[in-house]
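Number of protein chains: 2
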Amino acid sequence: MTRPRFSFSIAATDGKARTGTIAMRRGDIRTPAFMPVGTAATVKAMRPAEVRAAGADIILGNTYHLMLRPGAERVARLGGLHGFMGWDRPILTDSGGYQVMSLSALTKMSEDGVAFASHIDGSKHMLTPERSMEIQRLLGSDIVMAFDECTRNGVTHDEAARSMERSMRWAKRSRDAFDAGVDHAAGAALFGIQQGSLDEGLRKASGQALVEIGFDGYAVGGLAVGEGQEAMFACLDYAPGQLPEDRPRYLMGVGKPDDIVGAVERGIDMFDCVLPTRSGRNGQAFTWTGPLNIRNARFAEDMGPLDPECGCPVCTGWSRAYLHHLVKAKEILGAMLMTQHNIHFYQSLMQHLRDAIAEKRLSAFAQAFRTRYGKGRQAD
Amino acid sequence: MTRPRFSFSIAATDGKARTGTIAMRRGDIRTPAFMPVGTAATVKAMRPAEVRAAGADIILGNTYHLMLRPGAERVARLGGLHGFMGWDRPILTDSGGYQVMSLSALTKMSEDGVAFASHIDGSKHMLTPERSMEIQRLLGSDIVMAFDECTRNGVTHDEAARSMERSMRWAKRSRDAFDAGVDHAAGAALFGIQQGSLDEGLRKASGQALVEIGFDGYAVGGLAVGEGQEAMFACLDYAPGQLPEDRPRYLMGVGKPDDIVGAVERGIDMFDCVLPTRSGRNGQAFTWTGPLNIRNARFAEDMGPLDPECGCPVCTGWSRAYLHHLVKAKEILGAMLMTQHNIHFYQSLMQHLRDAIAEKRLSAFAQAFRTRYGKGRQAD
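Chains as they are written, first to last, in this note's numbering: chain A, 139 to 518; chain B, 139 to 518.
Same chains, same label: a pair holds when it works inside one copy or across any pair of copies.
Here are the computed lysine-lysine pairs in the DSS-like style, where the Cα-Cα straight-line distance is at most 27 Å: (1) Lys498 x Lys394; (2) Lys394 x Lys154; (3) Lys262 x Lys466; (4) Lys468 x Lys262; (5) Lys468 x Lys182.
Derived from the structure by calculation, the hints contain no laboratory data. Just so you know, these numbers come straight off a predicted model, no measurement behind them.
Generate the whole structure from the sequences, applying the supplied hints.
Below you can see the structure in the form of structure tokens.
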């Protein structure tokens, strides 16, 4: 049986929340989904099999990082990102637009795109909608993101409008360039990205512009850029509803566990964030009673697991005392185990959310989660 | 069936080489054996299950590192080193004598022992034969090493003699202190350490002194300290023969693959070395055609495995090009995979040596190994 290029089916809804499945050539993606971030062709400190065992159906790769090292053409010569890194399920790649602005030096924006110097070796590069589509095609991405400008937090209405309008022109160029890569487009999907800062009217105009172009899925971009959870949720009270109900909605770069729960309640289906991996390397563990920092001296002789409610290989195999020791001693195994637990925690949270939606008890689950998680967070 | 405290049976010999089994409470150790080094309660960048899957029957823990962090008393309160790190098979601990001299600051040697300051936080400590035995007991070590002074390379005959004689007095104090820890001694083994630098007469006297005290096994100490392979092999031409034939002989801190092959031919049964783990983190891979440095640009688009003759999960899962990328990008997964391959390579080498001895073809195996491995080494 041939698997579909891209098909999204919603199995159940609960309020604005939905649970379902995205079916693609390389596998199914259960939604709401959390995508671990595999920046440089690796989910940091994890083997692909460990990422999969944690429950991930899809991972994210970064166009900006991969175009600089090892290079998109090189990845293509080596057979594509999947074979290169040993992950045979779907990969979503971002467009490079966000990171070129946050990481590179000497950027110069124009209507054509962004010229910049590599943060690794200073080499000069140019990202345009067309080049971004080409890179994502060379990588062999399953879900390609349109090239956009991530509008900064705190800009004026006029700046937000001009930025959004440029992103919409780039969305059209992305669509055209993606479709021109016929062989790749036959097996991959393209997502558009809604911008418009925190302005409901601009968000609506952006959503309409994207729908007019037509995409397989739609991302809410430009959030989690410093506006705070309250402002983000206020925007999510209307933004997902401005995007087609029968298409997956992806909230880029989000987020903390309580961000995810609130966004799922508001109709978001997909997430990515470096938090579980980056925090893990820094000694922070996510638990059902809030985050904890394993470096804290109170864990030095704590023989309990990181999270007593977690069944992951880390929580069943080692104590907080051991993880405290590893992280304090800067042992690589500390980063490995903390990351593994955190990815398990995030995937477990998504499974709980999917189950709660399917059983129409999301509100009760979310309320109970916030109460316990928030209390733990304050106590830490 | 109760497992023995310590029993060494030689299944076959080939020239001076032997293959057999050490049976202990926590498991069998196939000899010749290579013990991966788990310095700070972790074989760096590997989970215990991965170390075991590579073929290791026993690992080594470092008394010096563990006494400073997390501390021997703390490990004891947490139930011992095995449970702490999740390795349920035998652990050999060194005595701390070597590393206190090479790593710590402000050391002061006396007949009693060594006073020193921690390289981590400057705290003051004292290691004596009695304290070393106590620490190894607190850790729950299966094979305890006598506390000795590792004689430096290049000393005069008189210095070597005085150092060796002190080590022999410390060996007796170690034996007495080990035996006084009755509960631990009932399940663990104690090894003595031969010193005497590169002097055959001193080595002989040291061996006799140790045998007079009586140990479960005997280490050849004070080699691989800068004397070079030729001088080391010259010493190994007589040193193992000065130790009891019916007891395991352990060459401490060795070594490169060709060192191990030559030492096995000279009657050594056990080895430990940081080389496979440390080299792995630095981008060096061991292969049957010699070591290679994966950072080399010629591997950037090499789709072959690290070692075409290796069946380890790394060689069957990823290309040289991918490992090159990971190591260049300083990704943790690079250290994980390079280390995993190297530990597999070392364990595979030991299995080949055991098989060759059992089939009385060690000389041919060793000659073929040296030819291929040495050629590759020169080419790199």
